[in-house]
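Undergrad: Using the sequences provided together with the hints, build the complete structure.
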Amino acid sequence: MGKVVFKIGNDVSTDIIYPGRFMATLLPTETPQYAFADDVEFSKKLRAGEILKGSIVVAGQNFGCGSSREQAASCLKGYDLIIVARHFSRIFLQNSINLGLQTIICPDIEADEGNELEIEPEYVQNKTTGGKFKIVPLPKARQAIIDAGGLVPYTKALLLRRMQK
Amino acid sequence: MGMTYVQKVLAKACGKSLVAHGDVVEPEVHLAMSHENGALVMNQFAEIYKDTGIDAKIWNPDRIAIILDHRVPAESSKTATNQKKIREFVAKQGIKKFHDIRGDEGGICHQILPEYGYVRPGYVVVGTDSHTTSHGALGAFAFGIGATEMASVWALGNILNVEVPGTIKVNVNGKFPAYVGAKDLILYLIGRLTAEGANFKVLEFHGETIRKMSTSGRLTICNMSVEAGATSGIVPPDEETLNYLKNIAGIRGKIEIYGPDKDAEYEQVIDIDVSRLGPQIACPHTVDNIKPVEEVTGKKVQQIVIGSCTNGRLDDLETAANILKGKKVALGTRMLIFPASWRIYQEAMKKGYLSILAEAGAVICNPGCGPCLGIHQGALGDQETALATTNRNFKGRMGNPNAEVYLCSPEVAAASAITGVISDPRAGGR
Ligand code: SF4
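So the sequence lines, in the order shown, correspond to chains A and B. Take 4 as the starting number for the first sequence in this note's numbering and just add one per residue. Take 5 as the starting number for the second sequence in this note's numbering and just add one per residue.
Possibly wrong hints are sitting among the right ones.
[Stated by the list, open to error] List time: in silico DSSO-like cross-link candidates among lysine-lysine, alpha-carbon distance up to 27 Å: (1) B:82 to B:61; (2) B:20 to A:168; (3) B:399 to A:48; (4) B:16 to B:100; (5) B:16 to A:168; (6) B:258 to B:101; (7) B:16 to A:143; (8) A:47 to A:6; (9) A:47 to B:399; (10) B:100 to B:258; (11) B:399 to A:143; (12) B:399 to A:10; (13) A:47 to B:82; (14) A:168 to B:61; (15) A:168 to B:54; (16) B:61 to B:100; (17) B:258 to B:20.
[Stated by the list, open to error] A few chain B positions that, by computed beta-carbon distances, are all more than 10 Å from chain A: (18) 6; (19) 18; (20) 64; (21) 322; (22) 326; (23) 423.
[Stated by the list, open to error] Listed below are several chain B residues computed to face chain A (Cβ distance under 7 Å; list not exhaustive): (24) 27; (25) 28; (26) 44; (27) 52; (28) 132; (29) 133; (30) 134; (31) 148; (32) 150; (33) 152; (34) 153; (35) 196; (36) 377; (37) 379.
Hints are computed from structural coordinates only; laboratory data are not their basis. Where a beta carbon is used, it is the ideal one built from N, C-alpha and C, also for glycine.
TA: Next up, the structure:
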């Protein structure tokens, strides 16, 4: 169970999630300070540690569109946020899976800030409103990477296997 | 059932005779490109090798290209240090396709790759930049990936778990009217498809208009295909592609080309007739917010930008010079020109375009990404409006979330520079 701490609309670009002017900051350990930097209120809460791990961001269509900058996924991963969106942009979704940021594709999601959501294998339940919304599975090709806990451990294992041959 | 162009490329890169939409494949990578974010790739690459006891060596340094372009020359000590680390890594790994900050061979990554013949038809190209789609202009299957994914490619030489995408066929026919071109076509198409209309799909361009289009125009349309969400935009290669590769990229020897099968299966077919198309404008703050220029003429602009990987090539600068010759940039408007590469800069200098533009009052910036992402030069002030030939107008693009960006063709940008308001070039810049 997690609380919706932030609700945003359609076509939220990586420039909103992680503004270009902070792109010189690269390392996953350093990026969280700039998450949603131009949304003064939410970014302040994040930086003040007021947002619990496992809290939920609810978004519309095409979340993460735009640049391939991986900082957009790593900065959210830093707070262990869960992103429930109607749909994601391809590169952002792929980056999230690679870094282990939890992304839930939920085309009909209806939820407001403050609502409590239960994320089940096939549904998102809005405990506050009683709504129940179907989850679309993540791209099947990526399941093995999710299971391995991200692309770094996945590639590491593959490399070791190739070396043994 | 036949294969689309991308299916054919992927089948070859996997050593298979057939792949179908939805198959999961792991194609070999022919070229893997990064820019300054190569520093993050290096970090993730080291993470992969950590505690394995294996020496962290790139699988094939000849297939890696690194181009410094986003913040050149460095705007801060942090950037300069990242760039220094990249240089050290490049030397250690023996990467030869490295373009440093130099006036003889530098430029924006998506311009350098075609210019230097690093991309060829049938290649699988990945880049840690979303506009890697540009290279579809030369018949490559080229798409953007994140830094960790790139680190995995550096280690293994192939890209893991790729789902063969579906393809939308775009047939473009008719002759462009005066002052209308490739940029207007792609803006129009994005408006029609919306920003996510081609998400996870490939746009394959066909038709008489595309066949007659220069590689420069094709680079513009493939570059911006990602703004409709497309994994890749592709022009199946033809005579024009071969001519470009021979004459501009200087490739010698035979280049094999092929097209999609006649009976290929497309998810959707879109037909466009450009003979009645007018100049198109992407209005703030999404690229699919497209309006015909007539609906926004008169809007005051404080900054005009011509450049970027979308429209910073020689023909774009020529267009601007033709319109601005003997004229002046309006007072209260700043005009910034940033050519896509130093080769283009030098050619534009020899042909006199740069002096025409400077005499008109434009500021000629050095090639690089510069104002396009506003990190480093050309940032906007609060409540200012920019009109740019770049490819993105998201809130915060050009360095300021309290400003707005309109996107257009070089024709519209140049005509508007004279008036200081968004203007229709067909009206003679008035
Ligand atoms: S010019 Fe702009 S869009 Fe092109 S690579 Fe640079 S930042 Fe990206």
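Undergrad: Hints first: check each against the structure and report whether it holds.
TA: Outcome of the hint check:
1. For the proposed pair residue 82 of chain B and residue 61 of chain B, the alpha carbon gap of about 26 Å is at most 27 Å, so the pair holds.
2. Pair hint residue 20 of chain B plus residue 168 of chain A holds up; C-alpha atoms about 23 Å apart against a cutoff of 27 Å.
3. Distance hint between residue 399 of chain B and residue 48 of chain A is fulfilled; the C-alpha atoms sit about 21 Å from each other, no more than 27 Å.
4. At most 27 Å may separate the alpha-carbon atoms for a hinted pair to count; residue 16 of chain B and residue 100 of chain B meet this at roughly 26 Å.
5. With a C-alpha separation of about 25 Å, the suggested pair residue 16 of chain B and residue 168 of chain A falls inside the 27 Å cut-off, and the hint holds.
6. With a CA separation close to 22 Å, the supplied pair residue 258 of chain B and residue 101 of chain B stays within the 27 Å bound.
7. The straight-line distance between the Cα atoms of residue 16 of chain B and residue 143 of chain A is roughly 23 Å, inside the 27 Å bound, and the hint therefore holds.
8. Between residue 47 of chain A and residue 6 of chain A the alpha-carbon distance is near 18 Å, which keeps this suggested pair within the 27 Å criterion.
9. Pair hint residue 47 of chain A plus residue 399 of chain B holds up; C-alpha atoms about 19 Å apart against a cutoff of 27 Å.
10. At roughly 23 Å between alpha-carbon atoms, residue 100 of chain B and residue 258 of chain B fall within 27 Å of each other, so this suggested pair holds.
11. Between the alpha carbons of residue 399 of chain B and residue 143 of chain A the distance comes to roughly 33 Å, so the proposed pair goes past 27 Å and is violated.
12. For the proposed pair residue 399 of chain B and residue 10 of chain A, the alpha carbon gap of about 17 Å is at most 27 Å, so the pair holds.
13. Using a Cα cut-off of 27 Å, the hinted pair residue 47 of chain A and residue 82 of chain B holds, with the two alpha carbons roughly 24 Å apart.
14. About 18 Å separates the Cα atoms of residue 168 of chain A and residue 61 of chain B, which keeps this hinted pair within 27 Å; it holds.
15. With a C-alpha separation of about 20 Å, the suggested pair residue 168 of chain A and residue 54 of chain B falls inside the 27 Å cut-off, and the hint holds.
16. The suggested pairing of residue 61 of chain B with residue 100 of chain B holds, with an alpha-carbon distance near 15 Å, which does not exceed 27 Å.
17. Restraint check: the Cα-Cα separation between residue 258 of chain B and residue 20 of chain B comes to about 23 Å, which is no more than 27 Å; the hinted pair holds.
18. The claim that residue 6 of chain B lies off the interface holds: its Cβ sits roughly 23 Å from the closest Cβ of chain A, which is beyond the 10 Å cut-off.
19. Against the 10 Å criterion, residue 18 of chain B stays outside the reach of chain A, whose nearest CB is about 13 Å from its own CB.
20. Chain A leaves residue 64 of chain B outside its interface by the beta-carbon criterion, the shortest separation being 14 Å against a cut-off of 10 Å.
21. Every CB of chain A lies more than 10 Å from the CB of residue 322 of chain B, the least distance being 29 Å, so the non-interface label holds.
22. Remark: the non-interface label on residue 326 of chain B is consistent with the geometry, its nearest Cβ contact in chain A lying 32 Å away (cut-off 10 Å).
23. At the 10 Å boundary, the C-beta of residue 423 of chain B stays outside the reach of chain A, the nearest C-beta of that chain being 29 Å off.
24. Hint status for residue 27 of chain B relative to chain A: violated, with the closest Cβ pair at about 9 Å, above 7 Å.
25. Using the Cβ-Cβ criterion of 7 Å, the hint placing residue 28 of chain B at the interface with chain A is satisfied: the shortest such distance is roughly 4 Å.
26. For the restraint placing residue 44 of chain B at the interface with chain A, the shortest Cβ-Cβ distance is roughly 4 Å, inside the 7 Å limit, so the hint holds.
27. The interface hint given for residue 52 of chain B holds, since its Cβ lies 5 Å from the closest Cβ of chain A, which is under the 7 Å cut-off.
28. Using the Cβ-Cβ criterion of 7 Å, the hint placing residue 132 of chain B at the interface with chain A is satisfied: the shortest such distance is roughly 6 Å.
29. Taking 7 Å as the C-beta cut-off, the interface hint given for residue 133 of chain B holds, the closest approach to chain A being about 6 Å.
30. This hint holds: residue 134 of chain B has a C-beta 4 Å from the nearest C-beta of chain A, less than the 7 Å allowed.
31. Nearest Cβ of chain A to the Cβ of residue 148 of chain B: about 4 Å, under the 7 Å cut. The hint holds.
32. With a cut of 7 Å, the hint placing residue 150 of chain B at the interface with chain A holds, because the nearest CB-to-CB distance is about 4 Å.
33. Taking 7 Å as the C-beta contact cut-off toward chain A, the hint placing residue 152 of chain B at the interface holds, the least distance being around 4 Å.
34. A cut of 7 Å between beta carbons decides the hint on residue 153 of chain B: the least distance to chain A is about 6 Å, and the hint holds.
35. A hinted interface residue such as residue 196 of chain B counts as satisfied when its beta carbon comes closer than 7 Å to some beta carbon of chain A; here the least separation is about 16 Å, so the hint is violated.
36. Taken as an interface hint, residue 377 of chain B checks out: its beta carbon lies about 4 Å from the nearest beta carbon of chain A, inside 7 Å.
37. With its C-beta approaching chain A no nearer than about 5 Å, residue 379 of chain B sits inside the 7 Å limit, and its interface hint holds.
Violation of the numbered hints given earlier is confined to hints 11, 24, 35; the remaining hints are satisfied by the structure.
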